[in-house]
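Heads up: the sequence lines are chains A and B, in that order. Going left to right, the first sequence walks through residues 1 to 231 as this note's numbering numbers them. Going left to right, the second sequence walks through residues 1 to 92 as this note's numbering numbers them.
Be aware that a few hints might be false.
As the list claims (entries may be wrong) - FRET-style restraints, in silico, Cβ to Cβ: (1) E53(B) / L37(A): 32 to 38 Å; (2) F84(B) / A182(A): 24 to 30 Å; (3) E78(B) / A182(A): 16 to 22 Å; (4) A109(A) / D67(B): 17 to 23 Å; (5) D5(A) / E62(B): 22 to 28 Å; (6) A120(A) / S76(B): 50 to 56 Å; (7) R20(B) / T9(A): 43 to 49 Å; (8) Q142(A) / S76(B): 43 to 49 Å; (9) A182(A) / N36(B): 40 to 46 Å.
As the list claims (entries may be wrong) - Covered, in the sense of this in silico footprint (three residues per stretch, anywhere, with C-beta under 8 Å from a C-beta of chain B), are these stretches of chain A: (10) 72-85; (11) 117-124; (12) 130-143; (13) 151-161.
Source of the hints: derived by calculation from the structure; they are not laboratory data. Here a beta-carbon is modelled for each residue, glycine too, at the ideal position from N, C-alpha and C.
Each chain, letter by letter, is given below.
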Amino acid sequence: MGFLDRMSTVVQAKMNKIMNKIEDPRETLDVSYEKQLQLLQNVKRGVAEVATSKKRLELQKAKLQVSLDKLDGQAKEALQVGREDLARRALESKAALQAQSATLDLQIADLAEQQQKLTAAESRLATKVESFRTKKETIKAQYSAADAQVKITESVTGISEEMADVGMAVQRAEEKTENMRARSAALDELLESGTLTDYSGSDDVDRELAKVKAQSSVESMLAKMKEEIKK
Amino acid sequence: MIIRILGDGQFRLDDNLLDRVNKIDNQIVNHVSQGNKAEYSKDLANLISTVKELASPLDPVEIVPSDIIIPPSDLSFEEARRVFCGDGLIKG
Chain A
1 MGFLDRMSTV
11 VQAKMNKIMN
21 KIEDPRETLD
31 VSYEKQLQLL
41 QNVKRGVAEV
51 ATSKKRLELQ
61 KAKLQVSLDK
71 LDGQAKEALQ
81 VGREDLARRA
91 LESKAALQAQ
101 SATLDLQIAD
111 LAEQQQKLTA
121 AESRLATKVE
131 SFRTKKETIK
141 AQYSAADAQV
151 KITESVTGIS
161 EEMADVGMAV
171 QRAEEKTENM
181 RARSAALDEL
191 LESGTLTDYS
201 GSDDVDRELA
211 KVKAQSSVES
221 MLAKMKEEIK
231 K
Chain B
1 MIIRILGDGQ
11 FRLDDNLLDR
21 VNKIDNQIVN
31 HVSQGNKAEY
41 SKDLANLIST
51 VKELASPLDP
61 VEIVPSDIII
71 PPSDLSFEEA
81 RRVFCGDGLI
91 KG
């Protein structure tokens, strides 16, 4: 059995769940329509969820960028006062954070793709649901029970496949955002508790730099006073 | 014939072009059974881009069942294995 046949079986199983077995075929139309409207709401929620997760990652990325800029500035300052050791430490931390930042970029791109796909799926489903609604009224009004059965099966099968597809897409998107949420919560905690800044060692570098600067200003004040006393 | 790419909607493909799709399908079966992850990802991407290139998107107003269903482009190797084991793509 080919891979694609297997996929059809998977989708068919989903469709059967959606369709169930309803005695009155005309009722099938209304029940299916209700389910379609529910699914549309679900997709909308899914799109919003993905957008929120993406926003969150973008905020984290901005925070990381602040840390990166700070480390860069520290490295420059350290070099200016001749402390290559401090500059090296700052740059090492910067490299570590850059790796985090690259991972965030990938995740943001992934979510952007999900968002775009789900939005397209939502619009396709909305069009189909509207088309189904028109069809359902026509079938109810114009066909005898026997003819209606064929028409109903046709359109309910078609729409159920769409619903299985969109339902799976929403579920996959939810799983993805859930995974990312866990990871991004961990990173948030690091950023907020300051562990990351400790880990990046930037506070250490700050202290050292302040000491070096204080020392040099003490030296220059001393020199100035000595000059004045000599006069 | 009508092809659905999960997550991407439906497409209409000329029946004559089915052989090309089937050929890649068979390759994917081989990759999954042989545990060849890299080739699996390559051929899944190849399958999807081939269909998108040869077929034309179906007007969403049309409500018709598909003849062939293609997995979503981000179906992982592990998920593909589960499809073969009959556990389905997603539980429930």
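These are the hints, each one checked on the structure:
1. E53(B) / L37(A): 32 to 38 Å: For E53(B) and L37(A) the Cβ distance comes to about 35 Å; the hint holds.
2. F84(B) / A182(A): 24 to 30 Å: holds (29 Å)
3. E78(B) / A182(A): 16 to 22 Å: Once the Cβ atoms are compared, 19 Å apart, the range 16 to 22 Å for A182(A) and E78(B) holds.
4. A109(A) / D67(B): 17 to 23 Å: Given a distance of about 33 Å, which is not inside 17 to 23 Å, the answer is violated.
5. D5(A) / E62(B): 22 to 28 Å: For D5(A) and E62(B) the Cβ distance comes to about 23 Å; the hint holds.
6. A120(A) / S76(B): 50 to 56 Å: Taking Cβ atoms as reference, A120(A) and S76(B) lie about 22 Å apart, which means the hint is violated.
7. R20(B) / T9(A): 43 to 49 Å: Violated, since R20(B) and T9(A) (Cβ atoms, about 22 Å apart) do not stay within the stated range.
8. Q142(A) / S76(B): 43 to 49 Å: Check passed, 47 Å falls within 43 to 49 Å.
9. A182(A) / N36(B): 40 to 46 Å: violated (30 Å)
10. 72-85: violated (count 0)
11. 117-124: holds (count 5)
12. 130-143: It holds, with 3 qualifying residues against the three required.
13. 151-161: holds (count 6)
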